[in-house]
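Trainee: Based on the hints, put chain B in the right spot on chain A.
Just so you know, the sequences run in chain order A and B. Every position in the first sequence, counted from 1, becomes a number in this note's numbering once 26 is added. Every position in the second sequence, counted from 1, becomes a number in this note's numbering once 369 is added.
Hints listed in this document are in silico derivations from the structure and should not be mistaken for laboratory results. Quick caveat, the model's predicted, so the values are computed rather than measured. Here a beta-carbon is modelled for each residue, glycine too, at the ideal position from N, C-alpha and C. Be aware that a few hints might be false.
Unchecked claim - Which stretches of chain B does chain A cover? Using the computed rule of at least three CB atoms under 8 angstroms from a CB of chain A, they are:
| hint | region |
| --- | --- |
| 1 | 705–718 |
| 2 | 787–795 |
Unchecked claim - Which chain B residues stay away from chain A? Per the calculated CB distances, all over 10 angstroms, these:
| hint | residue |
| --- | --- |
| 3 | Glu426 |
| 4 | Pro590 |
| 5 | His663 |
| 6 | Arg680 |
| 7 | Ala691 |
To be verified - Not close to chain B: a few residues of chain A, all C-beta gaps over 12 angstroms, as computed:
| hint | residue |
| --- | --- |
| 8 | His30 |
| 9 | Arg60 |
| 10 | Gln66 |
| 11 | Pro69 |
| 12 | Gly80 |
| 13 | Glu97 |
| 14 | Ser119 |
| 15 | Ser133 |
| 16 | Asp134 |
| 17 | Gln139 |
| 18 | Tyr142 |
| 19 | Leu145 |
| 20 | Ser149 |
| 21 | Arg268 |
| 22 | Pro274 |
| 23 | Phe293 |
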Amino acid sequence: MTMHAILILGGVGLVFGVFIAIANKRLWVWEDPRIDIVAQMLPNANCGACGHPGCRAFAEGTVEGRITPSECTVANDSVHSAIADFLGVDAGSAVRRVARVMCAGGSDVAFAQAEYRGLGTCSGAAAVAGGGKGCAWGCLGLADCERSCTFDAIRMTVTGLPVVDVAKCTACGDCVEACPKGLFTILPLDAHLLVQCRNLIGGDDALDECRVACTACGKCVQDAEPGLISVESGVAMVDYERIALAEPRAVERCPTGAIVWLTGAQFARVPTNVVSEAA
Amino acid sequence: MAISVGFRHGVHPPEEKELTNQLPIRRMPFADELVFPLRQHAGKPALLCVKVGDHVERGDTLGEADGFMSVPIHASAAGTVVDFDWWPHPDGSMAMAVRLKVDRYAPQVARPRLVPRWEGLTPAEVVQAVQRGGVVGLGGAAFPTHVKLAPPKDSAVHTLIINGAECEPYLTSDHRTMVEYAPRVLFGIRVMMRSLGVLKCVVGIERNKPDAIEAMRAAVPADLAVEILPLTVKYPQGAEKMLIKAVTGVEVPSGKLPVTVGVVVQNVGSVAAIAEVFETGLPLIERIVTVSGHGLRRPANLIVPVGTKLRDLLAFCDGLTADAAEVIIGGPMMGQAQANLDAPVIKGTTGVVVLAKNETREQRSWPCIHCGRCLEACPVFLNPSMLGDLATVGRYEEMSANHLADCMLCGSCAYVCPSNIPLAQLFQASKTALRRQLATVQ
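Looking at chain A on its own, in the form it has when it is part of the complex:
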């Protein structure tokens, strides 16, 4: 009985094995062997930040010459040049971009109007009462972005704000998608000017909700090159098409500190939450 089973299964296996072997020969397609090598050199994070469906597709594109190696935002310059040298192409140059948070309203400066109890995620809080924070546009601080980050580049501060580690961030956009308040934006690393507020209430009423809110006073508009900053519907907006005109003096007269001149990470002075690190 056992013998029968072994014979039958073995026979079936043999037949299919032969079939696969033939199929492998007959249906074989030539593929550039460099694709495999380039794919191995890539980070294989499959994050999609380059805009292509995964690292393998990126490797195919680079071998075909459609994509320059530097378009991979995850790999560093040495990887870019290694791929470029291997393929004998130009590495190209890409502006380094990072995710920025447009809210500075931590629990120390933004007022809470209620205690939120319920699902401990930002999307859950946003779906019901909008969380307990007085400002309806601000960061909910429940760390959906931290959990969504593929590269472990986001840490929450003790005041409940996400800090993006500029060195680790690859601008893949996962946090942009995760944030129910739409507070993340992908900006070039050398775009120093940022309005860290999305509160649409203009004037001092905004300060009832948060001490670092933009009051739409317009001082930064006057101090910057014309057209760089505009105040529309209660909050200052930077036109990043003209970011080359930006100068640090634009932020100097801001009464609340809502607009900042960034060099490196945001909220650098606030300690990050060690508890959420363990989670």
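Mentor: Quick look at chain B alone, frame taken from chain A:
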């Protein structure tokens, strides 16, 4: 006694209606300031048509309807427009709202207005009059009522169902409306039946309101084919599709409107609002709100001017008790917890419930033990346990394939869950996330 009619599944939360179900409806005085968000209904928000500084009379238009899927917003008191800016909305967001300083010495008499003679009107004119009256579904969803009065041409509506189930715990506003305003409700039914061209109307009322059933039966005129149907006491009996199942025995197909099975459903309060439009010409500027809960000093059924802030409303009911923990607009099952008491009562506000500390659940939840109670509770036969697992890992497309769209967020699953998993909240968040995903794809 006839056999109880109902639907399968559902839950039996404590009713808590005895706090207010014998209290007659009283009128709430005008507050000093009223707030009117332009978005008070499903569909497009109204378009602002007043300026800051304008004086308006009671019943004047503040915002015009923006197209057919919209209704106007009217001032519920005479006063001066002091501001148009962001204001806390009962749904938890901020919305653009008109702030009206109420004229304390105004007689609060509406301008003399033409009362439409409904007998002479064509159905299209009735629809127009109802839209001008700003009438929306007063059961909570605030769907524009006139849209339901104008079903698509190819549909064959044969039955009008009036929803008097009021299955949410605590709420008694529909109950008191039926007890105290039965003739008005029946007048509204008459107008609707004529406008829709239907010959049959069924009023579904849960059996726990015997006085409402009796009052409605007594008020049915001889020439009107209106059946008063007592229903099983079960949550969510008042959900549109559950009610249709109970009354007609027919299930509305997934993703379809009740019109596809030839039925139009209206809430009792909306019918009374239609009646008021044709009785007095007054638009929907006030509604009956149950203010109840064990965290409130003096529960009541009140006629509240739309735009009254929760703060003023709760103060009129002698304020909160020391152990009040949560203020909810709507019922405790589907209602929205409020973070800011400056949010106003809007047209869709069925009730305000203040829960005491011992009525709220602890925040902690435990892993799913696959007991299957949520499956037995779900009135639309979904698998909340599996959907919950999918939601926690963000697999929204699979949720959609498992009929997330059919979930009406009744909260029965979360109510029975022994692990205290906030299933309804997970689904609400997933629906929002799914909408966002679809929006980015397109």
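Trainee: Does each hint hold? Answer for all of them.
Mentor: Here is how each hint holds up against the structure:
{"no.": "1", "hint": "705–718", "verdict": "holds (count 5)"}
{"no.": "2", "hint": "787–795", "verdict": "holds (count 3)"}
{"no.": "3", "hint": "Glu426", "verdict": "holds (29 angstroms)"}
{"no.": "4", "hint": "Pro590", "verdict": "holds (44 angstroms)"}
{"no.": "5", "hint": "His663", "verdict": "holds (18 angstroms)"}
{"no.": "6", "hint": "Arg680", "verdict": "holds (12 angstroms)"}
{"no.": "7", "hint": "Ala691", "verdict": "holds (16 angstroms)"}
{"no.": "8", "hint": "His30", "verdict": "holds (41 angstroms)"}
{"no.": "9", "hint": "Arg60", "verdict": "holds (33 angstroms)"}
{"no.": "10", "hint": "Gln66", "verdict": "holds (29 angstroms)"}
{"no.": "11", "hint": "Pro69", "verdict": "holds (23 angstroms)"}
{"no.": "12", "hint": "Gly80", "verdict": "holds (18 angstroms)"}
{"no.": "13", "hint": "Glu97", "verdict": "holds (21 angstroms)"}
{"no.": "14", "hint": "Ser119", "verdict": "holds (29 angstroms)"}
{"no.": "15", "hint": "Ser133", "verdict": "holds (15 angstroms)"}
{"no.": "16", "hint": "Asp134", "verdict": "holds (19 angstroms)"}
{"no.": "17", "hint": "Gln139", "verdict": "violated (5 angstroms)"}
{"no.": "18", "hint": "Tyr142", "verdict": "violated (8 angstroms)"}
{"no.": "19", "hint": "Leu145", "verdict": "violated (5 angstroms)"}
{"no.": "20", "hint": "Ser149", "verdict": "violated (4 angstroms)"}
{"no.": "21", "hint": "Arg268", "verdict": "holds (26 angstroms)"}
{"no.": "22", "hint": "Pro274", "verdict": "holds (31 angstroms)"}
{"no.": "23", "hint": "Phe293", "verdict": "holds (25 angstroms)"}
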